[in-house]
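There are 2 protein chains.
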Amino acid sequence: MADARQYFTLPSPYRMKRGGELLDARIAYETWGTLNAARDNAVLIMTGLSPSAHAASNAIDDSPGWWEDIVGAGKAIDTRRWFVICMNSLGSCKGSSGPASINPATGEPWRLDFPDLALEDVGHAGYELARGLGIERLAALVGCSMGGMAALGCLAQHAGFARAHVSVCTAPRAQPFAIAIRSLQREAIRLDPNWNEGRYDDAHYPEAGMNIARKLGVITYRSALEWSGRFGRIRLDPGQREDDPFGAEFEIESYLNAHARRFTRAFDPNCYLYLSRASDWFDLAEYGGAPDPATSVRNALARMKLERALVIGVETDILFPLEQQQQLAEDLRTTGTDTTFVGLDSPQGHDAFLVDTGRFGAAIGQFMDAS
Amino acid sequence: MADARQYFTLPSPYRMKRGGELLDARIAYETWGTLNAARDNAVLIMTGLSPSAHAASNAIDDSPGWWEDIVGAGKAIDTRRWFVICMNSLGSCKGSSGPASINPATGEPWRLDFPDLALEDVGHAGYELARGLGIERLAALVGCSMGGMAALGCLAQHAGFARAHVSVCTAPRAQPFAIAIRSLQREAIRLDPNWNEGRYDDAHYPEAGMNIARKLGVITYRSALEWSGRFGRIRLDPGQREDDPFGAEFEIESYLNAHARRFTRAFDPNCYLYLSRASDWFDLAEYGGAPDPATSVRNALARMKLERALVIGVETDILFPLEQQQQLAEDLRTTGTDTTFVGLDSPQGHDAFLVDTGRFGAAIGQFMDAS
Chain A
547 MADARQYFTL PSPYRMKRGG ELLDARIAYE TWGTLNAARD NAVLIMTGLS PSAHAASNAI
607 DDSPGWWEDI VGAGKAIDTR RWFVICMNSL GSCKGSSGPA SINPATGEPW RLDFPDLALE
667 DVGHAGYELA RGLGIERLAA LVGCSMGGMA ALGCLAQHAG FARAHVSVCT APRAQPFAIA
727 IRSLQREAIR LDPNWNEGRY DDAHYPEAGM NIARKLGVIT YRSALEWSGR FGRIRLDPGQ
787 REDDPFGAEF EIESYLNAHA RRFTRAFDPN CYLYLSRASD WFDLAEYGGA PDPATSVRNA
847 LARMKLERAL VIGVETDILF PLEQQQQLAE DLRTTGTDTT FVGLDSPQGH DAFLVDTGRF
907 GAAIGQFMDA S
Chain B
547 MADARQYFTL PSPYRMKRGG ELLDARIAYE TWGTLNAARD NAVLIMTGLS PSAHAASNAI
607 DDSPGWWEDI VGAGKAIDTR RWFVICMNSL GSCKGSSGPA SINPATGEPW RLDFPDLALE
667 DVGHAGYELA RGLGIERLAA LVGCSMGGMA ALGCLAQHAG FARAHVSVCT APRAQPFAIA
727 IRSLQREAIR LDPNWNEGRY DDAHYPEAGM NIARKLGVIT YRSALEWSGR FGRIRLDPGQ
787 REDDPFGAEF EIESYLNAHA RRFTRAFDPN CYLYLSRASD WFDLAEYGGA PDPATSVRNA
847 LARMKLERAL VIGVETDILF PLEQQQQLAE DLRTTGTDTT FVGLDSPQGH DAFLVDTGRF
907 GAAIGQFMDA S
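Listed in order, the protein sequences are those of chains A and B. First residue of the first sequence? That's 547 in the working numbering, and the numbers climb one at a time after it. First residue of the second sequence? That's 547 in the working numbering, and the numbers climb one at a time after it.
Hints are computed from structural coordinates only; laboratory data are not their basis. Backbone N, C-alpha and C fix where the C-beta goes; we use that ideal spot for every residue, glycine too. Please note that a few of the clues may not be correct.
[Unchecked claim] Beta-carbon label-pair distances, calculated as ranges:
# : chain 1 : residue 1 : chain 2 : residue 2 : range
1 : A       : I780      : B       : N649      : 49 to 57 Å
2 : A       : R776      : B       : A583      : 50 to 58 Å
3 : A       : T580      : B       : G775      : 26 to 34 Å
4 : A       : R808      : B       : A605      : 54 to 62 Å
[What the hints assert, rightly or not] Some chain A residues near chain B, calculated using beta-carbon distances under 7 Å:
# : residue
5 : S729
6 : R732
7 : F792
8 : I798
9 : E799
[As the list claims (entries may be wrong)] Covered, in the sense of this in silico footprint (three residues per stretch, anywhere, with C-beta under 8 Å from a C-beta of chain A), are these stretches of chain B:
#  : region
10 : 712-721
11 : 819-829
Just chain A, with the same shape it has in the complex (with noise of 0.2 Å):
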């Protein structure tokens, strides 16, 4: 299977938001579609804090990205009429320059040297990306996320750069039960020995941290309620389980060993430690001028001069609780955006946008078919 990602380099230097500069930063990104004339079909996918810019099959890589079901020829991001672009963040390991990519002062992994990474660096990449393609204005920026909080970003400092707006399953400054859980995925991976303040190599990796990182991300990421009609109390057979006094007894166990084990050496720890503190930093309430939070965010949104918006989110979602996107539907429409707010009931909390894709996609289908 080829690999589809194609490269941009970032004007030079590339200065980040809260100090230092990158010189020939780059940004991986997969288009699907094509451009039109006019440009102005061109659709900007922002991701979670650890998808490639895979967002779905193409060409010329056939694998299923993570968003297949959303994004293609007939589906509710349709190719056939959206030039579609999906960026790896800055920051992230997935291709783009970040503190896992080579330092070109010193010809070694920037590690902890890289700088202070904010979601605005990460949204302003993704606009210096789309005017390196040619486009001026997107017909809609989509952040999922993540990505939704690196989208606002982007619109906070780029005044009318989209038209449209779909928020997924984000929200504009996180509170603190998703700092506290992030904050204690970032010490899980710190106090693993291994770590050596980000100066680990494939030999002595922070394996037992990430794991952990991991699994407290799952638990997050889904919902109680899925996981009560889905494992109940069933119990693994003995065959399958470890030899191991404290090892895994119940199917729920065994789930997140086998989410950890796929992702532990599969992103990089010091990516994963920039990406989840600049969540944490992240609010629009900076770009509002307001004394009080409410109003800033309102005065943010305001002035991005969005036409249109749908703000998406699921009612299990326990790390961007469903009233976050409520009330960003509402400064949004107040702001006089042109807002549809859908709020699912889907079982499998903050993962639902990965994974109840039949009912995001109609949502977003129906957003996009009327743009």
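Following the hints, position chain B against chain A.
Okay, now just chain B, sitting in the frame of chain A:
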């Protein structure tokens, strides 16, 4: 301050549910009030995972107890009327026998050689303790959180042992979300190299693992709602921040740090592992003999021969969701027990029974006064 603990030696050998036995094992307990001549005014309290037997101050130890606002003269559990006993769980490290106490066969701490612990063993120890104090039947058996499961385990083994039962923030069987959380807490301890298969000492102590386990506990013991109101996105003053690029920056992180600091050296890691796993294992449905768990739980409750019950919980509890208490109350009613159900909207999550003592005290006091 003197130590108010008394000790009761369990019948020896004390046979454990899952095999193995203890010789000369003991239970630490404290008492308040006076057992009357009829010996029918005894109230036994079984605690959550970590508290000691010191539920309230008394003449010998005037330090505040963990349920100081609930237990005392003129309080919800009025020690002028009731002879109140609070026991430290078998398997804990607050005076009762457990993995941290000495194995008489070797003169060394039991550590992982302690037999498998079930909450039925904890509950049965409470029965033996009461019998040892000359009490045939309790006026009320009170169980909070893990102690609520131990209490159900006790009553499942000893029908008619209590006239009334107060079930606080607990469940007849853990759901997979709670199992997932506890499994991850145990894994954090076990992955700490200093845990060393249970052979740690003060100089080589699984501090990092206990730190993560405790923080994850606090996250699930409280609620997102409470934290949003209490901490929001408040930042620490620069002077309070650690000199670490990923150190605590938000107040919620500092709050978690403070909780972890108070706990990690105050509770024995092996005892934590045993009690945590026992909480996953407990399943009242084992005592009902029906093929489906729901019917089995009802059967088991019917056999307890309780006259009255109070079942109390809170809407924001994610570890023992209110639906479980509501179901427990319905089942008790169905099986002929005069049952009061109180569902509170306290914002403090599972910990509300330790914090929102005004409302818990009112409900418990009303129930106890009507006895």
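Hint by hint, here is what the structure shows:
The hint said 49 to 57 Å for the Cβ distance between I780(A) and N649(B), and at roughly 35 Å that hint is violated. Between R776(A) and A583(B) the Cβ separation comes to about 55 Å, which falls inside the hinted range of 50 to 58 Å. With their beta carbons about 50 Å apart, T580(A) and G775(B) fall outside the hinted range of 26 to 34 Å. The given range of 54 to 62 Å is respected by R808(A) and A605(B), whose C-beta atoms sit roughly 59 Å from each other.
Taken as an interface hint, S729(A) checks out: its beta carbon lies about 5 Å from the nearest beta carbon of chain B, inside 7 Å. Checking R732(A) against chain B: minimum C-beta separation of about 6 Å stays under 7 Å; hint holds. Annotation: interface hint on F792(A) holds; nearest CB of chain B at approximately 6 Å, less than 7 Å. This hint holds: I798(A) has a C-beta 4 Å from the nearest C-beta of chain B, less than the 7 Å allowed.
Against a cut-off of 7 Å between C-beta atoms, the interface hint on E799(A) holds, since the closest Cβ of chain B lies about 5 Å away. Interface restraint, the region 712-721 of chain B with chain A: holds (3 residues with C-beta to C-beta distance below 8 Å; minimum three). Check result for the region 819-829 of chain B against chain A: holds, 4 residues qualifying (beta carbon to beta carbon below 8 Å, three or more required).
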